[in-house]
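**Student:** Just so you know, the protein sequences line up as chains Z and S, in that order. Quick note, the first sequence lines up with residues 1 to 262 if you use the numbering used here. Quick note, the second sequence lines up with residues 1 to 285 if you use the numbering used here.
Everything labelled a hint here was simulated from the structure, so no lab data went into it. The reader is advised that the hints may include incorrect statements.
To be verified - With a straight-line cut-off of 25 Å between C-alpha atoms, the simulated SDA-like cross-links for lysine to any residue are:
1. Z:K103 x S:V213
2. Z:K103 x Z:D85
3. S:K96 x Z:R62
4. Z:K240 x Z:S54
5. Z:K103 x S:Q180
6. Z:K121 x S:R278
7. Z:K121 x S:Q280
8. S:K96 x Z:S49
9. S:K97 x Z:K121
10. S:K96 x Z:K196
11. Z:K196 x S:H166
12. S:K96 x Z:K121
13. S:K97 x Z:S54
14. Z:K121 x S:H166
15. Z:K103 x S:G165
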Amino acid sequence: MTAALASQRLPSTKIAVSSVHAWFGSNHVLKDVSLNFPEKSVTAIIGPSGCGKSTLLRSLNRMHELVEGARISGNILLDGKDIYDPGVDPVLLRRRVGMVFQKPNPFPSMTIRENVLSGLKLTGRLEHQSSDDIVRRALRGAALWDEVKDRLHSPGISLSGGQQQRLCIARSLAVRPDVLLMDEPCSALDPIASAKIEDLIHTLSADYTIVIVTHNMQQAARVSNYTAFMLHGELVEFSKTDQLFTAPRDPRTEDYITGKFG
Amino acid sequence: MSTVTRRKIAERSFFILCASAIVIPLGVLALLLWDVGRDAAPRIDVQFLTSFPSRKAALAGILPAIVGSLYLIVLTAAIALPIGVGAALYLEEYAKKGRLSSLIEINIANLAGVPSIIYGLLGLGVFVRVLGLGRSLLAGALTMALLVLPIVVMVTRESLRTVPGHLREAAWGLGATRWQIVRQIVLPQAFPGILTGAILAVSRAIGETAPLVAVGALTYMTFLPDGIDAPFTVLPIQIFNWVSRPQEAFLVNAAAGIAVLMATMLLLNSVAIYLRNRLQHQTGR
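If we strip away everything but chain Z, and leave its shape as in the complex, we get (with noise of 0.2 Å):
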């Protein structure tokens, strides 16, 4: 009784996104884009190529300014606080929000080890006699810990891909953040370690808001609690994902994830 009410109640907004516009220069990338980000749950974001998808996952921590001529404009709330306040030091938030990218980009000159360390490390942060227990942990929580742990000391990329794509993860969660947004994660990966990543993000949700950007409409049924579904830089339609790909309110959610276009 007490279970099948908890399970009624809507989980709170982790990140709230409110008439979120963006640009790359004189191109409108984002159009007026709200929607809340529930805690503690896989969102996927669905859609075309060029749809804007990355672009809304990048506004999230801050990465979209980074590219020259970028522009953005609208309310994203993380926890309630505004994180385009000019009181927010975006280094500080994206130790919040971390980011797992398309390609697997472990840093080729350091170790499995020096990889997992390399947030805390590069960031000025690592105390020395905690380290051990940190990359433990983070390549646990990775689900990779089993499959390197006696070779801690190699090159990251002497992994395969989808290990070298854990070692990813790790590294994000070895910096201890409340928010992981992923960026096509699976895209560069065989069938056999996109599914190892895909369970890894379902045990992950129990402790972490992920959001997942993905091509891939079957990947985003099969891990995502909620879908959000862009076309031309507008945000069509947001709700559970079981409701979305079954009954999806939107012609246009319907023509796409029938595979009409895309």
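Starting from the known structure of chain Z, arrange chain S on it as the hints suggest.
**Tutor:** Quick look at chain S alone, frame taken from chain Z:
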């Protein structure tokens, strides 16, 4: 003739063309080395390497020129590398890309092609006269640093550009600041390339004569430079001096000087190349 044979002939002739393109310069270089070596071999001995210049060719030596060249190179590198790398870092990592930065880029490329005597005259005007440094090692090294700066800047920029953008992104995503990214990710990755720039700069500086003549390097040193404000001479100037003498024996000295100059350059370059290869291995490339 079938198309297959024709293609094979085309393939073959292109190979021969490329092979001769490498054989010809190497052959000329070998001939030069052989010619210099033949003239120089009997003259290179401990006496030659450890003596000061003399009016008598048989007593003359090259010590002040070797020491002067080494001092000058080290000092030039110490001045040009930090400034050049710093300028390249600013232009690549910090400056906004636009009209101004492409204007600066074109100008730097042009500066690399400015005849060295012009740098010499600039050095004479600015460092020797206005700043009052006199005909010193420091004035020479500053002039040389100006000369090699464009090379250092261009090569460093090129190697900064080869650092993959996804590594920078990864570091941004981990909450690193720009300086942390530059120092810990970009510079170590670009370092082998920067060393290549240093090699080119040093090779250029060690062989330059004209700007140092303009700045006023001596041709007859009977003592070693004892500080950065001391007068100096360098190997190319000593060689030039000997070549311009009428006596046959001095020409032999000049050949021996050339051999020493080439050996010094090869030694410096091989140290830098060795370092680069080791670092390239370490940075996982």
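**Student:** Please name the hints from earlier in the document that this structure breaks, with their numbers sorted from lowest to highest.
**Tutor:** 1, 2, 8, 9, 10 and 12
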